[in-house]
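Turn these sequences into a full structure, and let the hints guide you.
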Amino acid sequence: MREISNLLRYGASASTFIAGILHLTLVTNVIDRNLNTGILFLVGGLVQIFWALPVIRSWNRVWYYVGIGVTLILVLVWVITRFPGNPINGRGGSIGETAIAVEVFQLPFIVLSIIIVAKDRKISK
Numbered sequence: 001m002r003e004i005s006n007l008l009r010y011g012a013s014a015s016t017f018i019a020g021i022l023h024l025t026l027v028t029n030v031i032d033r034n035l036n037t038g039i040l041f042l043v044g045g046l047v048q049i050f051w052a053l054p055v056i057r058s059w060n061r062v063w064y065y066v067g068i069g070v071t072l073i074l075v076l077v078w079v080i081t082r083f084p085g086n087p088i089n090g091r092g093g094s095i096g097e098t099a100i101a102v103e104v105f106q107l108p109f110i111v112l113s114i115i116i117v118a119k120d121r122k123i124s125k
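Numbering (this note's numbering), first residue to last: 1 to 125.
Derived by calculation from the structure, the hints in this document are not laboratory data. Zero decoy hints are in this set.
Pair by pair, the computed Cβ-Cβ distance ranges are:
#1 Ile4 - Arg61: 15 to 21 Å
#2 Thr98 - Val66: 22 to 28 Å
#3 Ile31 - Leu53: 24 to 30 Å
#4 Arg61 - Pro108: 16 to 22 Å
#5 Tyr65 - Thr25: 23 to 29 Å
#6 Tyr10 - Gly69: 17 to 23 Å
#7 Pro108 - Arg57: 16 to 22 Å
#8 Thr25 - Asn89: 17 to 23 Å
#9 Leu7 - Ile80: 29 to 35 Å
#10 Phe83 - Arg121: 40 to 46 Å
Here the structure is a predicted model, which is why all the values come from computation and not from measurement. Ideal Cβ placement from N, Cα and C applies to all residues, glycine included.
Written out as structure tokens, the structure is:
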């Protein structure tokens, strides 16, 4: 059972770390055209890279809950901004390969973190 728990933590940690790296690769593409988006990618990427630490070290549940919440917000912002006339920026954004890769790694982080919180009794409350 402990091995499965470790694999879940490693998977969640790796997925948020990779999503963070991918976010950082997007910074240079947008920062000169859209400072706010560049800052979002920079801060989001750095936070996701950092978030691998509390996940891999099994810090308390609050770290998981906040990580799940922030990642859900990032996914929702991405989905909303794909539609024309959206309330965030008013125009529909393109769907690039890197953006899809980011989502492919963010979603497993959410799912694996939920499983970890639900099953791993050793994580302090």
